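Here is how the chains run, residue by residue.
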Amino acid sequence: MHPLISYAAKRILTYLLTLFIVVTITFLLFRLIPGDPISSFVGQLQAQGRYAEAEKAQQIIEEYKRMFGLDKDLFSQYILFLKELLRGNLGPSLIGFPRPAQDLIMERLPWTIGLLGISAVIAWALGLVLGCMLGWKRDSAYDKAFTTASLVLSQIPYYLMAVILVLIFTYYLKVLPSGGAYSPKLTPGLYWEFIKSVIEYGTLPALSLIVASGASWLVSSRFLTVTILAEDYLHFAEAKGLKTSRIIKRYILRNALLPQITGLSINLSFMLGGQIVLETIFSYPGIGYLFATAIGLLDYNVINGVLLLIIFTALTANFILDLLYPLIDPRVRYHG
Amino acid sequence: MDKLPGRIAGTFKYFSKLLAGNKKLKVGVAIFTTIIVLAIIEPYVNRLRLGNRSPDEIGLGGSYEPPSPRFPLGTCPWGRDIFGMLLLGTRLTLVIGLLSGIVATAIAVLLGFISAYKGGLIDHALRSFIDAFLVIPTWPIFVIIAAYVKILGLIEISLLLALFSWGGAARIIRAQVLSLKEREFINLAIVSGMRDLEIIFFEILPNFAPYIIISLTNAIMGAIFAETGLRLIGLGPPLLPTLGYLLNLTLSGGFLTIRPYVVAFVSAMLILIFLSLNLINIGLEEEFNPRLKKVTGL
Amino acid sequence: MSEEILRVENLKIYYKSMWGDYRVVDDVCLSVYKGEIFGVAGESGCGKSTLVEGILRLVKPPGYIAGGRIIFEGKDLLGLSEEELRRIRWRKISYVPQGAMNALNPVLRIEEQMIDAIIDHLGYLPKEKGREFAAAALEAVGLPHEVLKMYPHELSGGMRQRVIIATAIALSPSLVVADEPITALDVVTTRTVLETLAMLRDKYGITVVFVSHDMAAHAELVDKLAIMYAGKIVEVGNVNSVFYDPLHPYTRGLIEAIPKLDKKTIKPIPGLAPSPLEWPPGCRFHPRCLFAIERCKKELPELKEVGSGRLVACHLVQG
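Going line by line, the protein sequences match chains A, B and C.
So that you can map any letter, position 270 of the first sequence is 270 in the working numbering, and since no number is skipped, the others follow by simple counting.
So that you can map any letter, position 218 of the second sequence is 1218 in the working numbering, and since no number is skipped, the others follow by simple counting.
So that you can map any letter, position 259 of the third sequence is 2259 in the working numbering, and since no number is skipped, the others follow by simple counting.
Keep in mind that the hints were calculated from the coordinates and are not lab data.
Each hint should be verified, as a subset may be incorrect.
[Unchecked claim] Here are the simulated BS3-like pairs of lysine-lysine, each with C-alpha atoms no more than 30 Å apart in a straight line:
hint, chain 1, residue 1, chain 2, residue 2
1, C, Lys2297, A, Lys243
2, A, Lys144, B, Lys1023
3, C, Lys2016, A, Lys137
4, C, Lys2060, A, Lys144
5, A, Lys243, C, Lys2267
6, A, Lys144, B, Lys1026
On a predicted model such as this, the values are computed, not experimentally measured, just so you know.
The following block holds chain A by itself, in its conformation from the complex (with noise of 0.2 Å):
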């Protein structure tokens, strides 16, 4: 068992280390843009006649610098900094005066997990098994027909592909919603009439995604299932008789599988970042929206936050990637 623990330990070391220097930078980005926002806000809200609001900010603007340490060095302000990441406060928005931004962050969240978990485990799943399909019936009719199909699909990107869902079935057919998680008349709760409006105003932002990822999973995933098909053991499964069945199973989805995740590891980072257009597109009230929201407000600590939620994500998502292989790859456990 030893070199997987030597792989492990190299993998999470690498993990903290990239963390560090990340939080690190996102700081240092931080504190070297210009201008002084909180100032600028508190201008914008007396420029408003909001003079109590304006009263109230300027307290707790004081307070803000205290717990962040803004009147002091860089350095402290950067021990501050991490000490209080570490408790999860971020500082108060701007964009929800005054509550903290966490808060705000953690209220969105659910919603991105939902509509990317989902969509994304949907189009690599089915992308996957539909061409190792395709890839299995070569040249066949549907084959070419499907193929090329999702080979056009795949270079559409996929705030393209909601637009043109979206002038499809809202605008033409009239039957999908185009702005928001849910409908504007329900209040949240678990119940049908909710759930069905979140599945309704979630379906296009949904199918946007699956289908261009989708196509560009179908067309990796049976472009190695050909190449698979022409490995040595594959022709030695078949001379085998082995049932077609399990050829498809333990031979090719098998070694598929492989490339597959690791793909899915790069694909993550780029699909977290389009969260925040596709978000926008929708009005979809996740931690995309939020961070476009954010930025057109300077609002510092949100901003800060989604990206550093998002990194983190990322980073940790590939880190329990690469702990998976050796599990799935033999040939990793000991040259890993």
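Model the placement of chains B and C on the given structure of chain A, informed by the hints.
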């Protein structure tokens, strides 16, 4: 050096043969060239139609004018010419794409080369850096910088885009250099007394050319992809009405309910750009990796 | 006198291409008897591997079977359905492929890859029974049962080869067809594999068809030898008589090309093997034959019997 004219002619013949043989490549290059031509003639076309005024000027026409001979795609709420902006947007998007693509590829080739050639610690450090770059979602960081940088003109946005898209290409180049290092014909060239520059140009570079072109198309696509995405969340250089800008404009400007086909046109143009570049990409990869041809079977 | 277990009659296997048909196996006739090791020798490209694929009915497009019959235990294999074939494969005829190094699925344990064939042919099998079968097969080829739990990349080339052979005999087939089983192996491992194959015949009574371009291996192992050239069989006979008294000039050339310790020079056969797209007219060997006469250039010699069990296709011998 007297071999040069012959070599250039040879390269030309090689590329035309390449083009003729591969259907995907042919179609891709055809579409892309058409788009480039559109972009080049845009200033003249728009001058013919609008005189000295730019299509994105406010008040060219009335608000939400329906399509007419003067404004084939109508106008936006502030009277801007949609058709003219479509052409202008194509040109700007392509310019940004090409500029970032070239810079990104240059960086990738340089770093990939150094990394593979030097090996050792430098290689290890660079490689970890590139890998981290590819794992971490860099697009949000790009968005933040794009939002806060004081000056954001054509050059600035292109450079910024390039900075974020060189990673993938660097990996490919590095892998290719590594594999070439092993190959014997380089040693053969050294032993047979060819000068360094000759070796680089006549032995190494031909093996690289396809990968450089593939990296270039990838970088261009990545840049256009990122820039358009940036526009869709409302950011980006306000004075550069790219296709992404137009898309965002039509999406949020109520066009979806009034004249949805306008959105379709803009999307179609973007899709054509991506499609043609991808076809060129796949076509080239098939040519230089003949195994792929048998496998994709299309 | 043992019975005939496999008879190939006028088998033709062609490959379609833009320029015409590649006539890789062109009217081949063979007779293999029960309990013997039947060797098929010839240069690379003469059609040996395609012949094997044909017997196992594993020919894939653009290859196709253009004619002939393959009679195995009384039934014509070419007339059977996919499902019937699947049932015959492995239980009756099994296969040791070329490039056995890579014939094992890298992500499955040896155990599973040996047992899955058994399960898919015999129906459900309790785990223990399956392991017993596999362990017994491994023992037969001289491998310890610890190998069962291992992955292919943990084994050496020779061990993998023997695992393949073990898998091939796990269901006690009547016929094992081995396609170039020793080609990529070192001398020591080659010896082990040859011994294993001989043991299959001696201890288990399994008939083996041994295809290889290694003449020395044929000399050591097989009982009967067929020489194949340009898609056709040119000589067949008991291995000793073929070696001591080769009749066809090609056979003579092959034997003389074997390096021996006391030979100072090796005499390779001049010229290159012809292309299956355009076989030479008349006797296909005539362009490279030192003894060719006029008749050889025009008339294709038939494979005729010239003595007890000896067949040859040469005008010079037949007269």
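Tested hints:
no., hint, verdict
1, Lys2297/C with Lys243/A, "violated, 50 Å"
2, Lys144/A with Lys1023/B, "holds, 16 Å"
3, Lys2016/C with Lys137/A, "holds, 20 Å"
4, Lys2060/C with Lys144/A, "holds, 20 Å"
5, Lys243/A with Lys2267/C, "violated, 49 Å"
6, Lys144/A with Lys1026/B, "holds, 20 Å"
Hint compliance for this structure: hints 1 and 5 are not met, and every other hint is.
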